[in-house]
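A.B. asks: Each chain, written out:
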Amino acid sequence: MLSEWLYVGVFFLIAMFLPAAAIFIAGILAPKKPNPIKNSTYECGIETVGPSWIQFKAQYYVYTLVFLVFDVEVVLLFPWAVAYHQLPLFAVVEGVIFILILLGGLLYAWRKGALEWL
Amino acid sequence: MTGLQIAFLAIAAVTLASAVLVVSSRKIMHAALWLVLALGGVAALFATLEASFFAAVQVMVYIGAIAILIIFSVMLTRRVMEDAGPQNTRYWPAALVVSLGVFGGIFFLLLQWPGFTIEARPVLEQGDFLVRFGQALVSPDEFVVPFEVASILLVAAMIGAIIIARDPSRK
Amino acid sequence: MTPWYQDPVQFIAEWLRGVLLGWGMPPDGVELVLTVLGAGTLALLAMLWVVFLIWYERKLIGRIQDRFGPNRVGPWGIFQPIADMLKIFTKEYITPEGVDRVPYNLAPVLAVASVLLIWAVIPFTMTVMGVNLNVGLVYIIASGGLGVLGIILAGWSSNNKYALLGGFRAVAQLVSYEVPMVVSLLIPVILAGSLGVNDIVMAQRIPYLISAPVAALIFFITSMAETGRSPFDLTEAESEIVAGFNIEYSGLKFGMFYVAEFLHAFTVSLLFATLFLGGWRGPLAEQIPLLGFVYLVVKTFVVYFIVILFRGSLPRFRIDQMMDLNWKLLTPLALVSLIVSALVAKPLEGMPVAQTLALLVSNGIVLILFIEGTGKKVQRRREIVGKPRPLAVPHPEEQQGAQSTGG
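Chains as they are written, first to last, in my numbering: chain Y, 46 to 163; chain U, 28 to 198; chain W, 110 to 516.
Looking at chain Y on its own, in the form it has when it is part of the complex (with noise of 0.2 Å):
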């Protein structure tokens, strides 16, 4: 278990190794020729006006809220969903009866408008 964890853990390593390894060879190769026109913000051909902020629409914040609470149904759901080939009839109903009231709950969410997009 542990030296399965180990793989992982160097397998990261690695993983985020090689780009980070490819991105830096290429930064060698490349030409380096900085000037301000270049760097400056890209925006369709014009000057940037004003910091780069934008409204942040309340909507994001509500799906990435409902996504929240479905992950943790989810993870809540996952040793139901293991151990279902040793559950009796009534376990499986129990955990029926959590989807239940999720589904409920996104009634809801979607009956208030929440869902949509403005």
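Worth flagging that the hints you see were computed from the coordinates, not collected in a lab.
Pairs of lysine-lysine, DSBU-like flavour, derived with a Cα cap of 35 Å:
1. Y:102 <-> W:437
2. Y:83 <-> W:196
3. Y:102 <-> U:54
4. Y:77 <-> U:54
5. W:196 <-> W:168
6. U:54 <-> W:200
7. W:270 <-> W:196
8. Y:83 <-> W:270
9. Y:157 <-> Y:102
10. W:200 <-> Y:77
11. U:54 <-> Y:83
12. Y:157 <-> W:437
13. Y:83 <-> W:200
14. Y:78 <-> W:270
15. W:270 <-> Y:102
16. Y:102 <-> Y:83
17. U:54 <-> W:270
18. W:200 <-> Y:78
19. W:168 <-> W:200
20. Y:157 <-> W:270
21. W:270 <-> W:200
22. W:168 <-> Y:77
23. W:270 <-> Y:77
Use these hints to put chains U and W onto chain Y, whose structure you have.
C.D. replies: Okay, now just chains U and W, sitting in the frame of chain Y:
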């Protein structure tokens, strides 16, 4: 020093350092990013304890959802990239004394517990762990009531957050 | 010693272990060296494989669009991606002013790393895989989350309004489509009884495409949305927000995002083939592992072909259509099919054939009900305001002339 101890020390050092940087970063966005590293460190600690499910879930829920939520909520403030100045308080010597005292007190109390220096026994051999966990979650004389209440709690959280985050000009 | 034809990777590993122990390395060090070598080889092979994938896709898209793909550089253009790579390696890194350096440089690395991490748990044959992590499926979902983090870093650190807007939209899309994906992944877990990917493959006497077609469909659609492929590629639509979150990236940093997207599309096909088509399973796959690898490659390329077909033939979704599709069709469908599969599979536990048939029928009923029930509601119909007005009315004499010649 076994390899596991070295790994634990390294991961703990990274986690603690990033936790300190979360609190003391001048730019709030950097604080959010250091938080991501701290949460990743906790996931790695779970992995060293052979709690595979919790390590993976920590990354999936905390880094994959909560960190994004925190970054979004940070971006809701206008001054995301402003340098907020040094984050130290004037009374940091008193804070240091209090925290060292609390740490010493807890450490002393834990030393009285005989289980402090014994390595923890595994709950079950890992192959059956998830199955046993699943059974415990839905079995009537174990944890089924908290399981169902958890779903109600999640729905309540979702409803509450939607009500708060909704545009008040809409009906 | 395992004979080389039965497990070539294990054979090489044992030989190396013997050599290194003979040199006097401590056993822990030997294990570490073998781990590093194995992980490094897998990651390197995955990244080099992208070169072939780029050629394959460009040729295929070309054929779908009734033209040859690249065919100048080498026979059938197979050296084209190498020429592209040489070009992109020597492009200048134009770093705009005001970027936050560390997130800016970390984002492409994180994007590629999150896709490469998935390759560690996929079984290529019965015994060849990175690790058989017993929580492999959760690990896969977790690495998807890392990719989302990379995108938000890219969008935010570029100090550019368009990048920020593109980054937000991309994250909103990715995060929304992750909900039906994780819910639909619960169904193979229910049927297999384990979270480990190799366990799921070994439990597929009948491929889960037949026992859980709705889950397979939802996984396929949401995975395509997760990779940002057409028709879900709003976030990189040039006409809309000018390449989205990777505007300010040039040279190989942009190349890394590109590599990440192609590799992600292939990885998704690999995952689909593993989870729903039976992976390396097939006739004689247990006795001859190499045959299992061949089966996996064939199945993956079938799915990859379909993914590219979708890209070449479907127009792009609008962002509100995409969100409606996700929250109003796919998520309820995934949840309902999960409930139905769980309730149907339990009473018929001991009888695999009856269970599979019952699951197939119930999934079909759920799908039909959903498509009938929500089709009209979810589609937005823009009202026609006023009568359609022609821009020009032909002259009456010309009209008569046209009619007499039977025009």
